[in-house]
Amino acid sequence: MQFTDILRAIVDTFLIGKLIFIFIIGIFYRYIKGRVSSPSINILKYVIIILVLRDLLYSGLYLLLPYINSTIKDSGIILVISDILIIGVYLLWLRSFTGKRKYDLIFYILNAAFFVLVVVNLLMQLSSRYVMFEKLVPHLWILANLVYLGVTFYGVTVYNTENPVMVISARLEIIRIPIISQLGILSALLFFNAAYHSVFIQYICIPFSYFLHLYVLYKYSIQHEKEQTDKFDFLQNDLDSLFEFMRNLGSAIAEKLDLSQILNFIIASATKSTNADAGAILLVDEFEDILRVEAVNGIFPPPYDAPNQIKLKISSIQSYFKSIPIKIGETILGEAAKIGRPIFVRNTATDNRMENNTKNDTLYVSSIIVIPLLVSKRILGVLSIIKRERGKFFTENDFDHIKTFADYASLTIDFIMTYMELIEKREMERELGIAAEIQQKLLPSKIPKFEKAAIGAFSIPAKGVSGDYFDVLPLQKDKVALVICDVAGKGVPAALVMVMIRSILHLITSSDKDARTIVTWINRGITGRIDIDHFATLSFMIYDQNSGKITYSNAAHHPLLMFRKKTGKLENIDTEGLPIGIERGTKYEQKSFRIEKGDVAVLYTDGIIEAMNANGDQYSFESLAKVVLKNAHLSPNELIDKIKADLKVFVGNAPQHDDQTLLLMKVN
Amino acid sequence: MELKVRKYSNTYIIDVNGEMDLYNSYKLKELVLKMIEKKIGQFIINLENVDYIDSSGIGALIYICSTIKKMNMKLQITNIHGSVKKVIELTKLMGYFPIANSVEDAISKIEQ
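From first to last, the protein sequence lines stand for chains R and Z.
Residues in the first sequence are numbered from 0 upward in steps of one, following numbering that gives the first Met the number 0.
Residues in the second sequence are numbered from 0 upward in steps of one, following numbering that gives the first Met the number 0.
One chain only, chain R, in its complex shape (with noise of 0.2 Å):
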């Protein structure tokens, strides 16, 4: 072999050129790749790989051919083969954007078995003069293989792929520059009788077909342009729309705060935003797994079967899809709100989550997107669009661009509940101080003075008004009543409970009931009146002067505390009975005994035993026992002052949570 040789080689086969334009090739791969997002262009690598092998290969095998003694009298088999693993790679390359197809099986298998019959023939060739087939024939093979590349790329619509852009522009030169290449490589060999190293087909037919290679990557290059301005747009519409949606959104909530006029407002502009047919908003329900459908824009069709009278009427369709919830998990809507995630489902007919909506009958959608609406991990709901027009279908920028406003919408949802919340509870602090009124007039302004027995107490609402309530009631016969009693709840309607028990007592109070009648008779008066949930405990004693007597009777109240001068100790008195206001028929127990003189009798309430200090930590009973027994020697209003020192070095600067009410009496 001389250096004469190669350099015929080389230019008979047109290698250098061939090897520059694959460079060129390669360069504006590595460019495009390095820019475009689709992961389709990777496979674009092996019709380089292949081309640089085959030329290569043939111009080698082109330089050895004289110096193998056989029969071969051209290298045109690599150009055959490699032609056709291009053809392989440009069907791997769309089915990158259709999906696999079962039968391209089929495409795979003859072309195995084609390689089979190359290499048995070569080897025919090589072994006797009798072949199989001459050059025509593996042309007319890859035509064929054309023909079909060129039935599958045709087969593409925008219905059956997601993305089809990149192959519906570029599919006409891929068929056609590769069938001009082979025409012409035929007509060379049949008509020019030709061979393969001939100059028409080196450095015509062959560098022409690369061209394709070239093409493609162009497209690449232009879809990636169009790409980069569509996002531009795309994100200005976006926020424009968004910007516009927050503004309008804004005036809706300061002229009403309707929950549903909202999201009635939200769907109405989702739908517009993103040209949709129709859209809804599903939110769950507060305490089962469902749900419900709140806001509906257009036709919304329901992601489930109908019963066939149904389907009949549009509107029929409407009121069937409100009126019947759906199950987290179950279809779409419920499958984004179990999942929290977006789907997507660009053509229904490609999704049998949709099945029932694909058929031609007036539950049709043809693409559909389910947001669902989170705030901090927390589902409210979800919000779906839909289109319903045959061969329209949503983009990938309006699915972008609708979980935006999604995200959006979650948050003004969200902040609407909470408002409302608010709003409740600032509606019911302003029924307090109403409360509050009433309940300070309640109280008695002065306490009365008797001959055996100094009272003292005193009351300190929490935040203005307060569930307690207490009075000292003068009775024929030199007797007293004495009662303190805890409503629960706050508001108008504890101060109206409030107001029924004073009317009562102070009604039925007379010195010939003993302390169960009136207690009693309070339960009797109240229960079934007022609203159950509010509910009162009373603590009731009469102290008859003359025998120096208490009876005492409780409802569900702390108990009667008692110091005994005579012992020095302190006495817990209680009763059995559940507090007013819960049953009719609760049956109160008294007791009934001897006070001496310079003995204390404490009434109190929660608030005090229960104050808390900034630790958190309460005042507790022992505590009120403590300063009590320490200071029982003291009159009612110096103890009573006592008390409160006591409990205020306790408490501190902690805010009072409860209301705080003592009554005691001293025997004088």
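Just so you know, not all the hints are guaranteed correct.
Said to hold, decoys possible - Here are some of the chain Z residues that sit facing chain R, going by a computed Cβ distance under 10 Å:
no.: 1; residue: Val4
no.: 2; residue: Tyr11
no.: 3; residue: Tyr22
no.: 4; residue: Tyr25
no.: 5; residue: Lys33
no.: 6; residue: Lys37
no.: 7; residue: Lys38
no.: 8; residue: Ser54
no.: 9; residue: Ser55
no.: 10; residue: Ile57
no.: 11; residue: Ala59
no.: 12; residue: Ile61
no.: 13; residue: Tyr62
no.: 14; residue: Met70
no.: 15; residue: Lys73
no.: 16; residue: Leu92
As the list claims (entries may be wrong) - If the Cβ cut is set under 8 Å, some of the chain R residues that face chain Z in the computed set are:
no.: 17; residue: Glu285
no.: 18; residue: Phe286
no.: 19; residue: Gly466
no.: 20; residue: Gly488
no.: 21; residue: His533
no.: 22; residue: Phe534
no.: 23; residue: Gly576
no.: 24; residue: Leu577
no.: 25; residue: Lys596
no.: 26; residue: Gly597
What the hints contain is simulated information worked out from the structure, not anything from laboratory work.
Glycine included, C-beta positions come from ideal geometry on N, C-alpha and C.
With chain R fixed as given, assemble chain Z onto it according to the hints.
Structure of chain Z alone, referenced to chain R:
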């Protein structure tokens, strides 16, 4: 306060989370009323995660309890502890409320 509802066959278990006070006890009441409207008839109120209850909370429980009793439906209150238990004891309502130690206990009582 947060309310969560789960279901065990026909019984609805309401898990109460947080404090039951004047400002939120009405929520529990409303929830139960809504559930009753929907023909739900077996309830368990789980107070495992309630560490504080005030008289409004007790009021709400009394309301729920008496409504459910009146309608001949079933209720169990479970996992009362700490200060909640103290308050219920103090108001002498231990006997009034249908109380069970645990949710499992409550379920078996309801299903009897």
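Does the CB of Tyr11(Z) sit less than 10 Å away from some CB of chain R?
At 7 Å from the nearest chain R Cβ, Tyr11(Z) passes the 10 Å test, so the hint holds.
Holds or violated: is the Cβ of Phe534(R) closer than 8 Å to a Cβ in chain Z?
Since the shortest Cβ distance to chain Z is 6 Å, the answer is holds.
Take the shortest C-beta to C-beta distance between His533(R) and chain Z; is it under 8 Å?
With Cβ-Cβ at 6 Å, under 8 Å, it holds.
Holds or violated: is the Cβ of Gly466(R) closer than 8 Å to a Cβ in chain Z?
With a closest approach of 7 Å, the Gly466(R) hint holds.
Just to be careful: measuring from the Cβ of Gly576(R) to every Cβ in chain Z, is the smallest value less than 8 Å?
holds, 7 Å
Does Lys38(Z) meet its interface restraint, that is, does its C-beta lie within less than 10 Å of any C-beta in chain R?
Since the shortest Cβ distance to chain R is 12 Å, the answer is violated.
Does the CB of Tyr25(Z) sit less than 10 Å away from some CB of chain R?
Holds, because the Cβ-Cβ distance from Tyr25(Z) to chain R comes to roughly 8 Å (cut-off 10 Å).
Minimum beta-carbon distance criterion (10 Å), Val4(Z) to chain R
OK, holds: Val4(Z) within 10 Å of chain R, min 4 Å.
Do the numbers back the hint for Leu92(Z), that is, is its least Cβ distance to chain R under 10 Å?
Holds, because the Cβ-Cβ distance from Leu92(Z) to chain R comes to roughly 7 Å (cut-off 10 Å).
Restraint outcome when Gly488(R) is required to lie within 8 Å of chain Z by C-beta distance
At about 5 Å, which falls below the 8 Å cut-off, the nearest Cβ of chain Z leaves the hint on Gly488(R) intact, so it holds.
Chain Z contact restraint on Leu577(R) - CB to CB distance below 8 Å:
holds, 6 Å
Checking hints one by one. Is Gly597(R) an interface residue toward chain Z, by the C-beta closer than 8 Å rule?
violated, 29 Å
Hint compliance for this structure: hints 7, 14, 15, 25, 26 are broken, all remaining hints hold.
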